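Trainee: Each protein sequence line maps, in turn, to chains V and F.
Each residue of the first sequence is one higher than the last, beginning at 1 in this note's numbering.
Each residue of the second sequence is one higher than the last, beginning at 1 in this note's numbering.
Hints are computed from structural coordinates only; laboratory data are not their basis.
Please note that a few of the clues may not be correct.
What the hints assert, rightly or not - Quick list of in silico lysine to any residue cross-link-like pairs, SDA-like style, CA-CA up to 20 angstroms:
1) F:Lys273 with V:Ile306
2) F:Lys273 with V:Met180
3) V:Lys253 with F:Lys440
4) V:Lys253 with F:Ala436
5) F:Lys381 with V:Ser179
6) V:Lys251 with F:Lys440
7) V:Lys11 with V:Gly23
8) F:Lys10 with F:Ala23
9) V:Lys9 with F:Lys252
10) F:Lys115 with V:Thr264
11) V:Lys113 with V:Val65
12) F:Lys286 with V:Glu8
13) V:Lys236 with V:Ser13
14) F:Lys358 with V:Glu262
15) V:Lys253 with F:Lys115
16) F:Lys86 with V:Met180
17) F:Lys252 with V:Leu231
18) V:Lys85 with V:Gly100
To be verified - Cβ pair distances, simulated, as ranges:
19) F:Ala186 with V:Ala311: 24 to 30 angstroms
20) V:Glu8 with F:Glu118: 38 to 44 angstroms
21) F:Val122 with V:Glu199: 38 to 44 angstroms
Here the structure is a predicted model, which means the values were calculated and not measured.
Using N, Cα and C, we set each Cβ at its ideal position, and we do this for glycine too.
Spelled out from the first residue to the last, the chains are:
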Amino acid sequence: MSFQPHLEKCKGSIREVAVGAEGRIGGESTFPFHLWEGEMPNAPMIAMEVYDEPQPDWPEAVRKVYEGVMDDPVAWAKKCQDELKADAVCLQLRSIDPNGTDASADEAAETVKKVTAVLDIPVFVYGTGSADKDADVLKKIAEALPDENIPLGPVDDSNHRLVGAAAMGYKKPVIAFTSMDVNLAKQLNVLLVQLGVPEDKVIVDPTTGALGYGLEYCYSIMERDRLAALLQGDDKMQMPIFNNLAPETWKAKESRVSEEEEPTYGDVETRGILWEAITATTLLLSGTDVLVMRHPRAVELVRTAIEGLQAQSKEQLNNE
Amino acid sequence: MALSGLQIFKLLPKTNCKECGQATCMAFAMQLAAGKAELDKCPYVSDEAKAELGEASAPPVRKVTIGTGDMAVTIGEETVLYRHEKRFEHMPGLGVLITGDMDDGEVDSLLEQLKQQEFNYVGQTLRPRVAAIKADDGARLAELAARADEKAGAALVLINEDAAALKAAAEPLKGKKPLLYAATGANYDDVAAVAGELDVPFAIKADSLEKLAELGQKAIDADFKEVVLDPSSATLGDVLMDQTLIRRAAVKQTFRALGFPTIGFPCDMTDDKMQEAVFAATFIAKYAGIVILSDLDPARVMPLLYLSQNIYTDPQRPMQMDQGVYPINDPNKDSPILVTTNFSLTYFTVSSEVEASKVPAWLCIMDVEGQSVLTAWAAGKFVADAIAPFIKKSGIEEKAPHKKITIPGYVAQISGELEEELGDGWEVQVGVREAADIPKYLRQMSKN
Ligand code: SF4
Chain V
1 MSFQPHLEKC
11 KGSIREVAVG
21 AEGRIGGEST
31 FPFHLWEGEM
41 PNAPMIAMEV
51 YDEPQPDWPE
61 AVRKVYEGVM
71 DDPVAWAKKC
81 QDELKADAVC
91 LQLRSIDPNG
101 TDASADEAAE
111 TVKKVTAVLD
121 IPVFVYGTGS
131 ADKDADVLKK
141 IAEALPDENI
151 PLGPVDDSNH
161 RLVGAAAMGY
171 KKPVIAFTSM
181 DVNLAKQLNV
191 LLVQLGVPED
201 KVIVDPTTGA
211 LGYGLEYCYS
221 IMERDRLAAL
231 LQGDDKMQMP
241 IFNNLAPETW
251 KAKESRVSEE
261 EEPTYGDVET
271 RGILWEAITA
281 TTLLLSGTDV
291 LVMRHPRAVE
301 LVRTAIEGLQ
311 AQSKEQLNNE
Chain F
1 MALSGLQIFK
11 LLPKTNCKEC
21 GQATCMAFAM
31 QLAAGKAELD
41 KCPYVSDEAK
51 AELGEASAPP
61 VRKVTIGTGD
71 MAVTIGEETV
81 LYRHEKRFEH
91 MPGLGVLITG
101 DMDDGEVDSL
111 LEQLKQQEFN
121 YVGQTLRPRV
131 AAIKADDGAR
141 LAELAARADE
151 KAGAALVLIN
161 EDAAALKAAA
171 EPLKGKKPLL
181 YAATGANYDD
191 VAAVAGELDV
201 PFAIKADSLE
211 KLAELGQKAI
221 DADFKEVVLD
231 PSSATLGDVL
241 MDQTLIRRAA
251 VKQTFRALGF
261 PTIGFPCDMT
271 DDKMQEAVFA
281 ATFIAKYAGI
291 VILSDLDPAR
301 VMPLLYLSQN
311 IYTDPQRPMQ
321 MDQGVYPIND
331 PNKDSPILVT
341 TNFSLTYFTV
351 SSEVEASKVP
361 AWLCIMDVEG
371 QSVLTAWAAG
381 KFVADAIAPF
391 IKKSGIEEKA
401 PHKKITIPGY
411 VAQISGELEE
421 ELGDGWEVQV
431 GVREAADIPK
441 YLRQMSKN
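Next up, chain F with everything else stripped away, as it sits in the complex:
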C-alpha cells in the first residue's frame, strides 16, 4: 500500500544533503509520496529502506522512455482515470508500422515523412515519433531498424517473436532505447533476458488481463521497470474495456503487475484507413501510451495529434485570456484593428484565422469574464459604453493611430453607438460573423 510522506521521511537519512534535487529529505519524501520522484535519486537510502519504499515510491503507472533526443517518447506516470482530476501526464507516442515486405522506396518515404511531419497548434509542435518495425526475417528487421534510426532518428519498436532476432536488431541500437515487442507466455524468459542484458524496455503481450498480469508480475519480480503492456484487444469494445481496467488496476487498486503504460495497433484492426483513424482516436482518448498507424497521411495524423493535445492539456487551463492587445503576423501602424472577447475559444478561433490570413493585424481582447461575443453582448458586457473605454485605455492608439476598428459581425447593431462613444474621428467597421470568414475579410480589407 502507498505510504504517506511522513512514513517515507522516517526511512530517509534525514541529512538534508540536497543531492536528490530537493531542499530537504522531507520535501523529497513528499515528492515520493505523490509519485513525482524516483527513490533512486537519493544515493544514501539504506537497502532496508529501499525494500520498504520500493513499492510505495513507484508511480502507479511506471514511466517508460523509448528513443532518445527530440524523437524520444516518454509515457506512463499517470495517476488518474479522469482528466479533470489532474492533468494526464504524457501524450501518447504516435507512430507508423514499417514491415519487412515493403520495398526500400516505400520505407524511405515513410521515414522521410516521419522525420519531416509536424504541426503547430496553440503554440505547441506536435509530431509522430515512433517507427514500429515488423519483419519475420531477423536480418531484415535489423536492417530496417538501423535505417529508421539513421534516416528519421525514430523511437523504435522492434517486432518479432524470436528473442535472438530482437537481440540482433536491438544490440547495435541499444543506446537508442528501442522497445522489444513482445514477450509472451511462450518466449517470456528469452525476451526478458535480452531486455535485461541490453538495458532496453520490452513489451509483454497476452490475450487476457489475467495472463498479462502474470507476465507483469514476473517482470516486477525480476526488478524490470520499463515494461509496456499489450492486452491484444480484439475489438474496439475490448480496447475500451482492457485500457479502462488496466488503468483502474494501476490507480485504484495499486496493482503493480498492470502498472505499466500500454501500446495499441489500430493499424491491425481494419483495412479502411479512415476507420483506422477513428479507432486510433479511441486509443488516444482512452489511456494508450503508444499508438501505431499504417501510414502517415497528414489528413489523418493531424486530427489525431490535435486530439492527443486536447486530451492531455491541463484541465485547469483557464477558459479566459488576459485582456490586452495581441499582435498577429507582425503588424505595424497601418494594420487593421479587430476587437473581440476574452473567451479562450473565441480567442483561439479568431487568432488562428487571422494568422492563417497572413494579413498583419492587431487583435484587441476585452475582458468580459470569458464569455463569447453573443453571450457577453446579451449580458451587457460587450456593448458600446464598455468597449469604448477599453479601447481608449488599451494603448492601441499609440500602436496604430488610424482610428479604424472592426467589431464582430454578431454585434453589428452596436456599431453606430460605439462610433459615438469613441468619438474623436473613430470609424467602426462591421466584420464577419463566423471566424472562418476572417481571412477573406482581411484580405479584401488590405486590398482597399
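Just chain V, with the same shape it has in the complex:
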C-alpha cells in the first residue's frame, strides 16, 4: 500500500486587507504555511512597536536598543523603518491612558500625523484598551488623517459604534478586540459588518498570551478561528489576525529577572529575546497575519523562521 497524503480542501479563504499605501495582509486559502495544499499570498507582517512616550521600565535588553529615540516617536519610527528595516510600525498610544499621562485626542492625533508623515511603511495605531478614551482618540485620528490607510484599534463591543462609524467615514481598517473567546470574536465581527464596516476592513485581535502566560489559549482560539474560516467557510471569521505580543512577552517575569537573581535561568537578554521570538513563532503556526514585535534580534529570528516555513519541497508529494 503506497502512501497518499491526505490534503485538505478549504471552502473559504481569509480576506485580504490593505494596510498603508501598498501593504497587504491575509488572503490565505489554506492553514498557516500549508503551501503544499493552498496559497498564502502575503507572508505575516511584522509591525515594530513605537511608543508615544518613554518606557523607562522596560528591561535593559530592549531599553538599550531604543535609548536615543524613546522620547521622540518620530525618530523612533524612522529608526524602525530605516535602520531596522521594519515591514510596518505599530504606534502604541500609551500616553492617552486616563490613569497615566492622559494626553488629549488632539495631541495623540498630532503624534500620529507626524509619524505617518515620515514613513513609507504601513502604520497600525493602537490605544490602551480604555474603551471610552480609545473611542475618543481613534475617532479624532480618523478625522485628522483622512488620507492615510491606518488600521485603528482596539475596537471592542462597547465602543465599536463610535469607532466603527468614524472608520467607515474615513475608510480606515479597524482592529476588533475580544477577550480570548471564539464566539465573542465572531459576534464582534458581525456587529461591525452590520454597522456597515466593509468586511475587508476588519482585522481581529483575539488577545495574545505570552509563552507561559496563556499562549496556549490564544493558540487554540486562532486554530479554531482558522478551522471555521477555512474548512467551514464561515465568512464572519475570515478576517486576518493581529497579535499584539511584545507588551505581553516583555512583561513576563522570565524576560526580566536577572541571572544573578535566578542563576538557573541563564542569560536574561537571550531569554527575553527568545521569549518574544518563540511566542511569535508559535503564533505563526496558529495563523497570525500581523505580529507586533519589539526586539530587532527577535524580529530577525522570526523573519528567518518565516522564510524557512515558506521553503518547502512540494515535489515530494504526488499531488493528485
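With chain V's structure known, arrange chain F with the ligand on it following the hints.
Mentor: Quick look at chain F with the ligand alone, frame taken from chain V:
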C-alpha cells in the same frame, strides 16, 4: 478500519475476570476502541481474535518509551491534530546532542547539565531527558553511551549507520531501552534485527514520506511496535509539512505505516543557537516526539520546556481559579494581604511574581467569572461593594488581623469607597498596575 466497542466485545472471552485491570470485558472493549488500552493486557484473547483486533486496538500513533526511571521519555499515543479537540498526550522529550569529537570535559559538563537542569512552572517540574550520542567510531559510541547512562541516567538515542556499532553500544544498556538511530533503506534489515534481538526501540529514516511509509510497513509486518520516524525534513517548511502529513496519516487515514511518533534534529538545521531554539519551537508545536538541541543553555531550554507544557496542557483547564485565600511563601498574621480576580492568567502572573519576591503574603482571589481586573471592574464585578463582602467572608481576618489590604493599581479609584465599605478600621493601599512590579512593591512594603 477501527472497530466499535461492541464489535471488539464480541471477540473477547466475556468472563469478566478483571485481569486486564478493567471491571468487565465490556469496559476493556470500550478502552480498546478509544485507543486507551493495549490488547496484551488481556491474557485470554484467542489468536484469531488477536489477529482481528490487532489492527483495531492499537492507538493511531504508537506508544514508544525510551529510557527508564525518572528520565524515561514516553511519546506517541496521540489521537488528534488539534489540541482543542483533546489534550495532546505526551510532551516531547527534549535532549542534547553529544558527539564523538567532543572532549571528555565537554561531554561531562553537558551530562551534568542534563542531570541537574529542571524548571518549576505552574506546579510542574520540566526538564530535558535525552542524550543523543553520535559517533562514527563504534568503540567511542559505546563508551559515550555508557557514560551518559552512568552520569545522567539519560534516555539514550544512539546514532550510527552501522548495525554492528549500534549493537555493541546498545547491548550492555538494553535494559535502559535506548533508541537505535537509524534504519534506512540501506541498512534496514540489519538494524531491525538488532532492535528485535535486544528488544529496544529503533528509528527509521528516509528522505520522502513514501519511502518512510515503506520502511514503516516493513516494521509493522515484522510486528515491531516501538518505532520512531525521521522524515529528514530539509527546511522548516518541510518540517511543518512532514509532521502535519504524518499526523494526518495516523489519525485521519489510520495509515499504520506512519502511525509512529517522530524525532527531529533542529541542532542540524543552523549554526545560530537562537535560531535553533526558534526551529525547535516549531517541532514542539507541530507534533514532534523527540527534539534534539546542540547544547543545554538554560536561556534556550527554559522557553522550549514552557512551550511543551503550554501546548500539551489540558485545553479544558478552566480559565478561572476557585475563589479563596491563597497563602504564598508561608505567610503569617502580619503578612501583607493582596486582592485580585480569579482569571487564571491573572492568578498565575500575580502568584508567580509574589513567589519570586520571596515575601510571604496572602493572595485573596475573588470570583468575578474569570475576568481580568480591568474587565471585571468595568463590568461592575470588581468594585467596592462586591469586594468588601468577599473579604469579610473570606476568613482572612482570622489569618491576618492587621486590616490592611492592597488592591491592583488599575482600580486605584475604588480605594476610598472600599475603605468605607469595609469600615471597621480597614486601610486600603493601592498596589502596582503591572504584575512585574509586584516584587519591588512587596519588598518596599516589608521594609516599612
Ligand atoms: S482480562 Fe480479558 S477476559 Fe478478563 S475481564 Fe479483561 S477482557 Fe475480560
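Trainee: Hints first: check each against the structure and report whether it holds.
Mentor: Here's how the hints hold up against the structure:
Taken as a hint, the Lys273 (chain F) and Ile306 (chain V) pair is honoured in the structure, with Cα atoms around 17 angstroms apart against an allowance of 20 angstroms. A distance of roughly 33 angstroms separates the Cα atoms of Lys273 (chain F) and Met180 (chain V); the hinted pair therefore is violated under the 20 angstroms criterion. Distance restraint check for Lys253 (chain V) and Lys440 (chain F): the Cα-Cα separation of roughly 12 angstroms lies within the 20 angstroms cut-off, and the hinted pair is therefore satisfied. At most 20 angstroms may separate the alpha-carbon atoms for a hinted pair to count; Lys253 (chain V) and Ala436 (chain F) meet this at roughly 6 angstroms.
Our distance criterion of 20 angstroms between C-alpha atoms is met by Lys381 (chain F) and Ser179 (chain V), whose separation comes to about 16 angstroms. In summary, the hint linking Lys251 (chain V) to Lys440 (chain F) is supported, as the alpha carbons are separated by about 14 angstroms, within the 20 angstroms threshold. Restraint check: the Cα-Cα separation between Lys11 (chain V) and Gly23 (chain V) comes to about 25 angstroms, which exceeds 20 angstroms; the hinted pair is violated. Distance check on the hinted pair: Lys10 (chain F) and Ala23 (chain F) sit about 16 angstroms apart at the alpha-carbon level, within 20 angstroms; holds.
The suggested pairing of Lys9 (chain V) with Lys252 (chain F) holds, with an alpha-carbon distance near 14 angstroms, which does not exceed 20 angstroms. As the CA atoms of Lys115 (chain F) and Thr264 (chain V) are separated by approximately 13 angstroms, the hinted pair is consistent with the 20 angstroms bound. Distance restraint check for Lys113 (chain V) and Val65 (chain V): the Cα-Cα separation of roughly 24 angstroms exceeds the 20 angstroms cut-off, and the hinted pair is therefore not satisfied. Between the alpha carbons of Lys286 (chain F) and Glu8 (chain V) the distance comes to roughly 17 angstroms, so the proposed pair stays at or under 20 angstroms and holds.
At most 20 angstroms may separate the alpha-carbon atoms for a hinted pair to count; Lys236 (chain V) and Ser13 (chain V) meet this at roughly 11 angstroms. Between Lys358 (chain F) and Glu262 (chain V) the CA atoms are separated by roughly 12 angstroms; this keeps the pair inside 20 angstroms, and the hint holds. Taking the CA atoms of Lys253 (chain V) and Lys115 (chain F), the gap is about 25 angstroms. The hint is violated against a cut of 20 angstroms. For a cut-off of 20 angstroms, the pair hint linking Lys86 (chain F) to Met180 (chain V) stands: about 19 angstroms separates their Cα positions.
Our distance criterion of 20 angstroms between C-alpha atoms is met by Lys252 (chain F) and Leu231 (chain V), whose separation comes to about 15 angstroms. Taking the CA atoms of Lys85 (chain V) and Gly100 (chain V), the gap is about 31 angstroms. The hint is violated against a cut of 20 angstroms. In this structure the supplied range 24 to 30 angstroms holds for Ala186 (chain F) paired with Ala311 (chain V), their Cβ-Cβ distance being about 27 angstroms. Against the hinted window of 38 to 44 angstroms, the Cβ-Cβ separation of Glu8 (chain V) and Glu118 (chain F) comes to about 39 angstroms, which satisfies the hint.
About 39 angstroms separates the C-beta atoms of Val122 (chain F) and Glu199 (chain V), a value consistent with the hinted range of 38 to 44 angstroms.
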